[in-house]
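Work out the full structure, taking the sequences as your base and the hints as a guide.
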Amino acid sequence: MAYSNKVIDHYSNPKNVGTLDKASKSVGTGLVGAPECGDVMRLQIEVDEATGLITDAKFKTFGCGSAIASSSLATEWLKGKTIDEAVKIDNMDLVEELSLPPVKIHCSVLAEDAIKAAINDFRVKNGLAELVFEQSHV
Amino acid sequence: MLKLPIYLDHNSTTPMDPRVLEAMLPYFLENFGNAASRNHSFGWQAEEAVDYAREQIAQLIGADPKEIIFTSGATEGNNLGIKGVYEMYASKGNHIITSTTEHKAVLDTCKHLEKLGAEVTYLEVQPDGLIDLKQLEAAMKPTTILVAIMYANNEIGVIQPVKEIGAIAKKHGALFFTDAVQAVGKIPVDVISDGIDIMSFTAHKMYGPKGVGALYVRRKNPRVKVTAQIDGGGHERGMRSGTLNVPGIVGFGKAAEIAKTDMAGDTERVSKLRDKLENALKLIDETYVNGNPAHRLPHVSNISFKYVEGEGLMMGFNKDIALSSGSACTSASLEPSYVLKALGLGDDLAHSSLRFGLGRYTTEEQIDFTIKAVTDTVLKLREMSPLWEMFKEGIDIDAIQWAHH
Chain C
1 MAYSNKVIDH
11 YSNPKNVGTL
21 DKASKSVGTG
31 LVGAPECGDV
41 MRLQIEVDEA
51 TGLITDAKFK
61 TFGCGSAIAS
71 SSLATEWLKG
81 KTIDEAVKID
91 NMDLVEELSL
101 PPVKIHCSVL
111 AEDAIKAAIN
121 DFRVKNGLAE
131 LVFEQSHV
Chain G
1001 MLKLPIYLDH
1011 NSTTPMDPRV
1021 LEAMLPYFLE
1031 NFGNAASRNH
1041 SFGWQAEEAV
1051 DYAREQIAQL
1061 IGADPKEIIF
1071 TSGATEGNNL
1081 GIKGVYEMYA
1091 SKGNHIITST
1101 TEHKAVLDTC
1111 KHLEKLGAEV
1121 TYLEVQPDGL
1131 IDLKQLEAAM
1141 KPTTILVAIM
1151 YANNEIGVIQ
1161 PVKEIGAIAK
1171 KHGALFFTDA
1181 VQAVGKIPVD
1191 VISDGIDIMS
1201 FTAHKMYGPK
1211 GVGALYVRRK
1221 NPRVKVTAQI
1231 DGGGHERGMR
1241 SGTLNVPGIV
1251 GFGKAAEIAK
1261 TDMAGDTERV
1271 SKLRDKLENA
1281 LKLIDETYVN
1291 GNPAHRLPHV
1301 SNISFKYVEG
1311 EGLMMGFNKD
1321 IALSSGSACT
1331 SASLEPSYVL
1341 KALGLGDDLA
1351 HSSLRFGLGR
1361 YTTEEQIDFT
1371 IKAVTDTVLK
1381 LREMSPLWEM
1391 FKEGIDIDAI
1401 QWAHH
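Protein sequence lines correspond, in order, to chains C and G.
First residue of the first sequence? That's 1 in the numbering used here, and the numbers climb one at a time after it.
First residue of the second sequence? That's 1001 in the numbering used here, and the numbers climb one at a time after it.
I should point out that these hints are in silico values taken from the structure, not numbers from a laboratory.
Among the hints, a few may not be true.
With a cut-off of at most 20 Å between alpha-carbon atoms, the simulated DMTMM-like pairs for lysine to aspartate or glutamate come out as follows [said to hold, decoys possible]: (1) K1319(G) to D9(C); (2) K58(C) to E1389(G); (3) K88(C) to E36(C); (4) K1341(G) to D1132(G); (5) K15(C) to D1132(G); (6) K1066(G) to E1030(G).
Only part of the chain G face toward chain C is listed, based on derived beta-carbon distances under 10 Å [as the list claims (entries may be wrong)]: (7) L1029; (8) F1032; (9) H1112; (10) E1137; (11) A1138; (12) D1320; (13) A1322; (14) S1327; (15) D1348; (16) H1351; (17) L1379; (18) E1383; (19) A1403.
Glycine is no exception: its CB is placed at the ideal position from the N, C-alpha and C atoms.
Below you can see the structure in the form of structure tokens.
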């Protein structure tokens, strides 16, 4: 199976690989997936208290090229967005942008789940209720 | 000059040896006859070529040429060998013993027979990939008609104790079938001293053409018969009907002849390269070689690189290096290799494995390139791996409650 150029590009030059301080109140961390399933994503956002904007996003991913590309692209999209905007990122937007084939859609689902988990972690840390999400497209 | 891409997937298939192609060519255009045409020179020529190839193949495995039944490949051979025995020996019993790390062509054939009334015992393998002979002995019953255990495994290269297996089967009056696709042409296989009654193998894993294989069926001590699975003209002593693939068979014969003469030299050269590759990759932290290293094919190495995922790993170099992973990230089930899982490896290690299969034309330069490419990619992906970071921080990854998806 051939990968799209965008997947190859994100895999070869991933954006925003790294770690933010998970103890910080302004950082939300989402860790999703499982080693047994062959994908684990950790996605982190840093939110500016005054503006409510996501100022930084980092990821680390154990998984195939499509999983790495999905998380790399997700961190790019997150930066500069408000939490409300970030919540709206849909896995199918990632699928479209990266031209993921059907067998790789679960990678985009994982990235969407990671975004939502990071947002909820941030919300809980800041005394807000967790958002309840409906199932994303599989 | 280093020629790219590098092919390190020889357990999947091998390139043809140019000497094999040369031997085959006349049988496409000039000598195109049907080996079953008894009344003219075209047929006689074809038959002579097939007989010669049968002899070349028989010599490679220490058999009589009459014991070689040509098939379309090892999948057919496995089907014919196992189903053919089940039908032929139905009055004797219905019990078959096999193992969990067999090729799907054996496992699915056994599952099919279970639906028809067979009782099948699937022996678990030990963590090194070998079956436990005591377990085999204990599994034998008066109704056991067949022991079907592979010669060497396609994913990890471990070589089963075939002599001992053959002896146990014989002692209990059962036949011994072995899927020897990965072994024949690579290591010495002798049906007499190994005590093999039925054996499937194929040309394209030993530098011959695709689409042609053989089933060895013993004729003496005991005389074995298998029920044909394809009805027709009664070719191949009635066990496998169908016009013979003459050019393919000629190529198979030549490949067998070359394998016999070149085996010692090939093994010495390839095993040195394999060891060089393996020793260099083992220098990376948290890497594990899968399968018993002492009882293993000389050209295979299966290694798990913990905390990186196999398919992601391959993507780092797959435009330059062709190999396989035990990760099954592309399959709908997302299940990693059942062979690696059968060794007791966790799914995470199975997802992290690569299979290196070297071959006749692998060069030291290619191995040096591979060592560097794999090492660089493992290190790069670990920097990107949350699991590696947790491991480095001393977090017990197994203790985390992962949400399975």
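Do the hints match the structure? See the list:
1. K1319(G) to D9(C): holds (14 Å)
2. K58(C) to E1389(G): holds (14 Å)
3. K88(C) to E36(C): Roughly 29 Å separates the two Cα atoms, so the pair is violated.
4. K1341(G) to D1132(G): Roughly 17 Å separates the two Cα atoms, so the pair holds.
5. K15(C) to D1132(G): Roughly 50 Å separates the two Cα atoms, so the pair is violated.
6. K1066(G) to E1030(G): violated (27 Å)
7. L1029: Cβ of L1029(G) sits 36 Å from chain C, so the hint is violated.
8. F1032: Hint on F1032(G): violated, closest Cβ of chain C at ~38 Å, above 10 Å.
9. H1112: violated (27 Å)
10. E1137: violated (34 Å)
11. A1138: Status violated, d = 32 Å.
12. D1320: violated (13 Å)
13. A1322: violated (14 Å)
14. S1327: holds (6 Å)
15. D1348: D1348(G) check passes; min Cβ-Cβ to chain C is 4 Å, inside 10 Å.
16. H1351: Holds: closest Cβ of chain C sits about 4 Å from H1351(G), inside 10 Å.
17. L1379: violated (13 Å)
18. E1383: holds (7 Å)
19. A1403: holds (7 Å)
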